[in-house]
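For this one, chain A is given, so just place chain B on it according to the hints.
So the sequences go chain by chain: A and B.
Residue numbering for the first sequence follows my numbering, beginning at 1 and increasing consecutively.
Residue numbering for the second sequence follows my numbering, beginning at 199 and increasing consecutively.
Treat the hints as calculated values from the structure; they're not laboratory data.
Remember, it's a predicted structure, so these values are computed and weren't measured experimentally.
A couple of the hints might just be wrong.
Not close to chain B: a few residues of chain A, all C-beta gaps over 10 Å, as computed [as the list claims (entries may be wrong)]: (1) Met1; (2) Pro54; (3) Met61; (4) Asp62; (5) Glu63; (6) Glu66; (7) Trp83; (8) Gly84; (9) Val91; (10) Ala117; (11) Glu118; (12) Ala126; (13) Gly147; (14) Gly163; (15) Ile176; (16) Thr190.
For each label pair, taking beta carbons as the anchor points, the in silico distance ranges come out as [unchecked claim]: (17) B:Ala343 to A:Trp83: 37 to 45 Å; (18) A:Gly24 to B:Trp305: 52 to 60 Å; (19) B:Glu264 to A:Pro42: 37 to 45 Å; (20) B:Met199 to A:His88: 21 to 29 Å.
Quick partial rundown of chain B residues pointing at chain A, CB under 10 Å, derived from the structure [what the hints assert, rightly or not]: (21) Asp227; (22) Asn368; (23) His373; (24) Tyr392.
All C-beta atoms in this analysis are idealised placements derived from N, C-alpha and C, irrespective of residue type, glycine included.
Protein chains: 2
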Amino acid sequence: MGASVLYMSMSLDGFIAGPNEGPGNGLGDGGERLHEWIFAGPPTGEGGVPGRPPGVNGTVMDEVMETGAVVAGRGTFEPAGGWGGDHHDGVPIFILSRSPEDEEARWPLVTYVSDVAEAMAAAREAAGKKDVLVHGAGTAQLALAAGVLDEVQIHLVPVLLGGGRPLFENLGPDHIELEPVRVLEGEGVTHLRYRVAS
Amino acid sequence: MGASVLYMSMSLDGFIAGPNEGPGNGLGDGGERLHEWIFAGPPTGEGGVPGRPPGVNGTVMDEVMETGAVVAGRGTFEPAGGWGGDHHDGVPIFILSRSPEDEEARWPLVTYVSDVAEAMAAAREAAGKKDVLVHGAGTAQLALAAGVLDEVQIHLVPVLLGGGRPLFENLGPDHIELEPVRVLEGEGVTHLRYRVAS
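Chain A extracted, bound-state conformation (with noise of 0.2 Å):
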């Protein structure tokens, strides 16, 4: 069975989006910094849009892109505009949402679920033999308190934002140990994994 995998990228001062996250303002002021990584790929997309990023990001975006499923909060789906309805390749996608019922069944590929481990399971069973793709700040801290992560991908961005969204907060007083699992040099970035410890 694949893992529960995070994949978020982090300024080294911890931040995951810069100040004033909004409507229209998603990675916050400045934000978009934090994604230049990815972005920095030769424009042979469509519409000039940046392909896959030369060399060992190349490699980690490949590896996200070849998770069976997703899980991620509203506060990381709604500012995307929901993926387009499809993150990657028409993979089932688990939005955690605390009135799941009220949600309008606009997506196809998407399903609202309240709890985090019952969507975790969802998402595992509907990945197979793949790793599930775990996304966004709150589902981060949602997942490690109910213990349904077991891989952290920190995509560690050489600058100091100052101010934004923590990755890790609301965590408790508990240590959660790591077992570091790869260290990747990409240009501009560096890929840490680590494995939650049970």
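Structure of chain B alone, referenced to chain A:
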């Protein structure tokens, strides 16, 4: 001339000490977790004190001990018992204090200075061709704000502390860009070295 280099052990969630720091609890609750990698060496030192850690971690510790001066804050210096008046090899120590004239002249190697830029200039002068060891969260923040920090060496420890003293806070809204210099994978710690972009 050498560089001013911040050396700090930090958890993946950005803390350099656990919660409830205070007299007799200088590292905060559970904060000793961040320094385990330093004390993982064989007990070859005097009185059974662990010696130089093996491998990469030893190399990094050697670099710390090859610096030619120290700049730190009272919040680092005092809980450490002033390092007995000698951090290493009798190099000069510059301690930031709001009222240096009131400080007791207890340690011959220690000079109290109120201004971080002044402290750094004096330390650089004293260190000559060697690097200056910068230590402590408050000192790091002041040195970054004053533009007198050349490099940042983070010993990234694979644990989420969940609370404590953050290394990077109060930095203001302007991004501080860093240039990755080196990544070293030690036993139980990843050493990330950056140059502060000017």
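*Please write out, lowest number first, the hints stated earlier that are contradicted by the structure.*
Numbers 14, 15, 16, 20 - these are the hints that the structure violates, sorted from lowest upward.
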